[in-house]
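Trainee: This is what each chain is made of:
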Amino acid sequence: MKCPYCGSQMGLEDKYCPYCGRPNLMAVQHQSEMDYYQEEFERTQDEVFKKTEGLRRHGSWLAVLAVTLVLLMVSIVLNVKAWDIGYELRTKRVKAQTEENNAIIKEYLEAGEYGQFEGFYDANSLDIDYTNREYSAVYWAAKRYVRILTYISSIHDNYNYSFREDYITETCEYIADDLIYLFNIEKEFNYSADECLTEDKMVFIKDIQNRAGIIAKTYFGLTDEDVADIPNMSKIKLGSLIEKGVRP
Amino acid sequence: MKTKKRKTPLRIMSIILLVITIISLLTAFARIREESSGRYYDYKVDDYVRAIGWSNYGDLYNTALEDMVKGKKYDDQTMKCRNLAFYYEQAVLERAYRETGDTEKADLCLERMKEYENNLGEFSEKVEDVQKHISGEATESD
Numbered sequence: 001m002k003c004p005y006c007g008s009q010m011g012l013e014d015k016y017c018p019y020c021g022r023p024n025l026m027a028v029q030h031q032s033e034m035d036y037y038q039e040e041f042e043r044t045q046d047e048v049f050k051k052t053e054g055l056r057r058h059g060s061w062l063a064v065l066a067v068t069l070v071l072l073m074v075s076i077v078l079n080v081k082a083w084d085i086g087y088e089l090r091t092k093r094v095k096a097q098t099e100e101n102n103a104i105i106k107e108y109l110e111a112g113e114y115g116q117f118e119g120f121y122d123a124n125s126l127d128i129d130y131t132n133r134e135y136s137a138v139y140w141a142a143k144r145y146v147r148i149l150t151y152i153s154s155i156h157d158n159y160n161y162s163f164r165e166d167y168i169t170e171t172c173e174y175i176a177d178d179l180i181y182l183f184n185i186e187k188e189f190n191y192s193a194d195e196c197l198t199e200d201k202m203v204f205i206k207d208i209q210n211r212a213g214i215i216a217k218t219y220f221g222l223t224d225e226d227v228a229d230i231p232n233m234s235k236i237k238l239g240s241l242i243e244k245g246v247r248p
Numbered sequence: 249m250k251t252k253k254r255k256t257p258l259r260i261m262s263i264i265l266l267v268i269t270i271i272s273l274l275t276a277f278a279r280i281r282e283e284s285s286g287r288y289y290d291y292k293v294d295d296y297v298r299a300i301g302w303s304n305y306g307d308l309y310n311t312a313l314e315d316m317v318k319g320k321k322y323d324d325q326t327m328k329c330r331n332l333a334f335y336y337e338q339a340v341l342e343r344a345y346r347e348t349g350d351t352e353k354a355d356l357c358l359e360r361m362k363e364y365e366n367n368l369g370e371f372s373e374k375v376e377d378v379q380k381h382i383s384g385e386a387t388e389s390d
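Top line first, the protein sequences correspond to chains A and B.
Residue numbers for the first sequence follow my numbering, beginning at 1 and rising by one.
Residue numbers for the second sequence follow my numbering, beginning at 249 and rising by one.
I should point out that these hints are in silico values taken from the structure, not numbers from a laboratory.
Just so we're clear, the structure is a prediction, and the values are computed from it rather than from any experiment.
Be aware that one or more of the hints could be misleading.
Which residues of chain B face chain A? A few of them, derived with a C-beta cut under 7 Å, are [claimed, not checked]: (1) Leu258; (2) Leu273; (3) Ala276; (4) Arg279; (5) Gly286; (6) Tyr305; (7) Gly306; (8) Tyr309; (9) Asn310; (10) Glu314; (11) Lys318; (12) Gly384.
Glycine residues also receive a C-beta, built at the ideal position from the N, C-alpha and C atoms.
Just chain A, same shape as in the assembly (with noise of 0.2 Å):
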């Protein structure tokens, strides 16, 4: 701009022109204006800051607690699904390792370490998986099989205790079921006969059963007559007579 009294260059910001030393009366009104602007912004702040602190204060706490709403409604969904999603993993974890698993319990088998191959079928859920149901069989007459032996050194120690008496005779109970059973396993997986009772499959559930015939007739008491007649005998019968055995 130019200074109204000698015409020289002057900026907007000077206060006087550089050259006649006059006041520029531009410069005052434009700094009186620039006064009133940052006075009405510097209240329009104060006004927004006011009118909004509630909202500020609270609004970060709000917004946690929104997610947190989410993530417990997800949190109580995943509890009571818990066991189905468990499950669902299991499952699938033991699918996929099925070729390893039949190369580990085959062994185990042909070993006639029917005990180990009750123990790892159990302990690693495979008997989940009802697409490869092909040992279902073998495994719960070696199953009934180790309940049979590991009743064994109980029954037959001279312990003195007040239940003694009800023990021996629930336990016996117990071997009886567990003899009917694995010596009619047969009938029990008829239904699935083509997969868990094929010939290499009978080959270990006979030497299975051949194996608890001979543990009855040494440790519970039996005949050859009693263990041929097992499959057909009621669990009452065949209890009593492996008591009879039992007790001195």
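Once you have looked at the hints, place chain B on chain A.
Mentor: Frame of chain A; chain B shown alone:
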């Protein structure tokens, strides 16, 4: 002078809900993990030693079988306990085969018994106890 920030009800409720949510989520993940593993109890060496201490060889054998988790590594002590469990199994079979006249299978069992016996460590003194329990000679003073 600084003014102390008031804990508004909203803030308190948010914190409480957050804590509950974290606990609920952790519980859910723990349950899912447990169910997906299919194992509700992980056997420790104490479980084996307790069964041996009570001369409950059936229980010891059962523990050894239930603990056959794929990929699980057993420490020395646990291995000795497991060897005693499988010694028990072979001893039961050995007596059964011998008394019913199948000496060939009985001898096979005896071989396995000797293998397990050589790896029992401090539990080798329990061999006699196992034999007593199988033969019906065990008494409370044993």
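Trainee: The structure should be examined with respect to each hint, and the outcome stated for every one.
Mentor: Against the structure, the hints come out as follows:
1. Leu258: 5 Å, holds
2. Leu273: 4 Å, holds
3. Ala276: Nearest chain A Cβ about 4 Å off; hint holds.
4. Arg279: 4 Å, holds
5. Gly286: 4 Å, holds
6. Tyr305: 4 Å, holds
7. Gly306: Status holds, d = 4 Å.
8. Tyr309: 6 Å, holds
9. Asn310: 5 Å, holds
10. Glu314: 6 Å, holds
11. Lys318: 5 Å, holds
12. Gly384: 4 Å, holds
Checked against the numbered hints listed earlier, the structure breaks none of them; every hint is satisfied.
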